[in-house]
Amino acid sequence: MATIFRNILILSTSSRSLYGALFPKTVSLQLQQQRWASKKSGGSSHNGRDSPGQRLGLKKFSDEYVKTGTILVRQRGTKFHPGEHVGCGRDFTLFALEPGYVRFYHNPPETGDKRHYIGIVFDKNNKLPRAKTDPRFRRFGLIDLVEYRENLAQKRAKAQAEREKKPIYV
29 MATIFRNILI
39 LSTSSRSLYG
49 ALFPKTVSLQ
59 LQQQRWASKK
69 SGGSSHNGRD
79 SPGQRLGLKK
89 FSDEYVKTGT
99 ILVRQRGTKF
109 HPGEHVGCGR
119 DFTLFALEPG
129 YVRFYHNPPE
139 TGDKRHYIGI
149 VFDKNNKLPR
159 AKTDPRFRRF
169 GLIDLVEYRE
179 NLAQKRAKAQ
189 AEREKKPIYV
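For the sequence shown, the working numbering begins at 29 and goes up steadily by one.
Worth flagging that the hints you see were computed from the coordinates, not collected in a lab. Note that this is a predicted model, so its numbers are computed, not measured. No residue lacks a Cβ here, since even glycine has one placed at the ideal position from N, Cα and C. Hints are not guaranteed to be accurate.
No more than 27 Å apart at the CA atoms, straight line, and that leaves these computed lysine-lysine pairs for BS3-like [as the list claims (entries may be wrong)]:
#1 K88 with K183
#2 K88 with K67
#3 K183 with K193
#4 K87 with K183
For each label pair, taking beta carbons as the anchor points, the in silico distance ranges come out as [unchecked claim]:
#5 Y197 with R167: 50 to 58 Å
#6 A185 with D119: 21 to 29 Å
#7 R158 with E178: 32 to 40 Å
#8 K194 with N153: 37 to 45 Å
#9 P136 with E178: 45 to 53 Å
#10 D141 with G71: 53 to 61 Å
#11 I99 with K155: 51 to 59 Å
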């Protein structure tokens, strides 16, 4: 006769057998453990890795005012090409070389150039592209020499006056 109590199996012998006659009512215990899975085994996963986005794309739009060095576009390759007063970095980032307003434009269709360009204009009313006969607008970063010389002369005079006030020890 076998009786099962949850996780324990108890076997008892009957008294009619020879063994039962010699050793009446002998009880032998045999433990049997049974385990139920609480979760399905998952194994290893080959997915689960990801890198953050590279934040590519337009950073400034048409008619926006930008300062020198402002990034206009982050891109891979040259989807947009640098136009007037725009520089191109080694990772194809376009940036402003001069302060002004952003313009997006194409060259005229008769040139056969289908590229997209980004340029900077100094006046909000100016348009790109310009005709070849139109003058280019450039900022040379020049200074007013008259004012510069006047300031320099004032500084020299002030320094000379301070030197004359101090006694010289020999």
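Hint-by-hint comparison with the structure:
1. K88 with K183: It is violated: about 42 Å lies between the C-alpha atoms, which goes past 27 Å.
2. K88 with K67: Distance ~52 Å between K88 and K67 Cα, so the pair is violated.
3. K183 with K193: With a Cα-Cα distance of about 16 Å, the restraint between K183 and K193 holds, given a limit of 27 Å.
4. K87 with K183: Not satisfied, since the Cα-Cα distance of roughly 44 Å exceeds 27 Å.
5. Y197 with R167: 50 to 58 Å: Given a distance of about 51 Å, which is inside 50 to 58 Å, the answer is holds.
6. A185 with D119: 21 to 29 Å: 51 Å, violated
7. R158 with E178: 32 to 40 Å: 37 Å, holds
8. K194 with N153: 37 to 45 Å: 57 Å Cβ-Cβ, so the 37 to 45 Å window is violated.
9. P136 with E178: 45 to 53 Å: 48 Å, holds
10. D141 with G71: 53 to 61 Å: 56 Å, holds
11. I99 with K155: 51 to 59 Å: At roughly 23 Å between Cβ atoms, K155 and I99 fall outside 51 to 59 Å, so the hint is violated.
Violated hints, listed in ascending order, are 1, 2, 4, 6, 8, 11; each of the other numbered hints is respected by the structure.
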